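> Residues per chain are reported as follows:
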Amino acid sequence: MTYADRLHPLTVFLYYIAILVLTMTATHPAALLPLFFCAVLLTCVQVGMKKAISGLPLALLLILTVTAINLLLVHRGAKILFFLYGKPVTLEAGLAGVSSGVMILSVILFCACLSRSLSGDRMVSLIGRRLPRLALLLRMTLGFVPRFRTRYREITDARGALGLTSERGAIQKIRARLTDLSILLTLTLEEAMDQADGMRARGYGLPGATRAVTEPRSKKDAWLSAALVLLLIPALFPLFSGRGEWNWYPLDPAALAPDLLLALSFAAGAAIAVLPAILEGKETLKWHILRSRI
Amino acid sequence: MTSFRPRVFLLLFGGVLALFDAFLWFRGQYRLAIPLLAFCLTLPALIVFEWRKSGARELAAIAVMTGLSVVGRVLFAPLPGFKPVSAVVILTGLSFGPLAGFMTGAATALLSNFFFGQGPWTAFQMLAWGAVGLLAGLFSRTRFRRNPVLLVLLGAIGGALFSALTDVWTTVAATGTFLPAAYLTFLISGFPFTLLYAASNVLFLLLLTRPILRKTDRLRSKYGLFA
Chain C
43 MTYADRLHPL TVFLYYIAIL VLTMTATHPA ALLPLFFCAV LLTCVQVGMK KAISGLPLAL
103 LLILTVTAIN LLLVHRGAKI LFFLYGKPVT LEAGLAGVSS GVMILSVILF CACLSRSLSG
163 DRMVSLIGRR LPRLALLLRM TLGFVPRFRT RYREITDARG ALGLTSERGA IQKIRARLTD
223 LSILLTLTLE EAMDQADGMR ARGYGLPGAT RAVTEPRSKK DAWLSAALVL LLIPALFPLF
283 SGRGEWNWYP LDPAALAPDL LLALSFAAGA AIAVLPAILE GKETLKWHIL RSRI
Chain X
216 MTSFRPRVFL LLFGGVLALF DAFLWFRGQY RLAIPLLAFC LTLPALIVFE WRKSGARELA
276 AIAVMTGLSV VGRVLFAPLP GFKPVSAVVI LTGLSFGPLA GFMTGAATAL LSNFFFGQGP
336 WTAFQMLAWG AVGLLAGLFS RTRFRRNPVL LVLLGAIGGA LFSALTDVWT TVAATGTFLP
396 AAYLTFLISG FPFTLLYAAS NVLFLLLLTR PILRKTDRLR SKYGLFA
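Keeping their order, the protein sequence lines are chains C and X.
Residues 43 to 336 in our numbering are what the first sequence lists, from first letter to last.
Residues 216 to 442 in our numbering are what the second sequence lists, from first letter to last.
Be careful, since some hints might not be right.
[Said to hold, decoys possible] Restraint ranges, calculated between C-beta atoms of paired labels, are given here: (1) C/ARG171 - X/SER404: 40 to 48 angstroms; (2) X/PHE228 - C/GLY245: 22 to 30 angstroms; (3) C/ARG48 - X/LEU368: 46 to 54 angstroms; (4) C/GLU287 - X/PHE228: 24 to 32 angstroms; (5) C/ARG172 - X/PRO426: 32 to 40 angstroms.
Hints in this document: simulated from the structure, not taken from any laboratory.
For clarity, every value in this text was computed on a predicted model and none was experimentally measured.
Beta carbons: idealized from backbone N, C-alpha and C, even for Gly.
The whole structure should be built from the sequences, with the hints applied where relevant.
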């Protein structure tokens, strides 16, 4: 059980949404780099060092591809490195490409961490109260996915036992598969109708229904939400004020001048992003210590 | 009162999101603004879906079709670009109408990405598949429903739309703005894949239309669905 499993799904979700918004709007390298390190740290904590390192070549490939795309497609910038087919290839485009690649990688890592912290089921329970019909649709579909598989096996087994799938030849085989699928669809649709009638018989759609899934809120949720709000105010300051906006074309050395206010707001953003890693990592560490004692 | 609150919530949520999106646009933060815009464009259909009081049977029928396309996408995962998703979404639209088509497409993108990986691209996939289902749904009450020309057209449009929308994300993610020249390059370099999407859509549609429409029509008349 991870730390996020014990929190209310809304707390976890809001943290990740805040981190994703901060990452996707981070233009300043000093804002992006800490967020990137947090993404790597969180991934290492969640999947373990070995697995994280095995994903390294793919990550590098992504950054290199994005850099190459920028070098080849964006021709703005003052420092021209060389000309390719009469089009200038600029230093700025390369740097912007590296920064783009790092940002995309961070977003992908954070998204992967989000789906590891919040299962699809808990994510659906988040919208359950506000969007009951959509939540029900998603939940029913999630139920149908494994059911399709078991039903399909039952159908092929039954038809195989009856000797109906023993035809030879590719076209006959495809035809047999299509018949299996067709039976599957009929069976599942009829089953779904029965399920819907059962729901109605038990009072689906009547007013005054209560929720089947109850996610308790603890004191931890309150503390973490309060921390999130307090940290978000300074962290979102650059986005709303436009201060510290970074331009790659043209690169302005004055933008690199130290700025206490900006540094504080970037630190606040990094603090939001590092919190999940610290909380999860603490649990993992404790787990290892306790286990080694036994 | 209980049936009223979700509507108010959705309208408020959509309004705040749209305002935030406009602000991001004004700031030049296209990397977040454009995926958010794609998500905002799926909201009207979600609002209408939540708003309408259709029964449990309709919901169950949509859930089955969504489940079928999710399973199809997962089963065909080893073959890149060759997926039955658009075909199933189009057939749902042709069977159950525009809203059911949109919901099947959008929910398929959302749910199957729990297997394939969520990200900002989910919004574009939701929009692309949803729009194809919606478009197909517009023909659900016409007599061209089984017309092969319409099926080929819908399959091709489905493939092209999916490419066009996901390439918007590729462009914005890679370059940080929406450069038309870069977008064009992505479209051209991705053209073989677009062809593959369209061809697989058409193939699946030609194979599946007769059996699936027969079943859904029977279901509709037997249970009085989507009347």
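> May I ask which of the numbered hints given earlier this structure violates, with the numbers listed in increasing order?
Nothing - there is no hint that the structure violates, so all of them hold.
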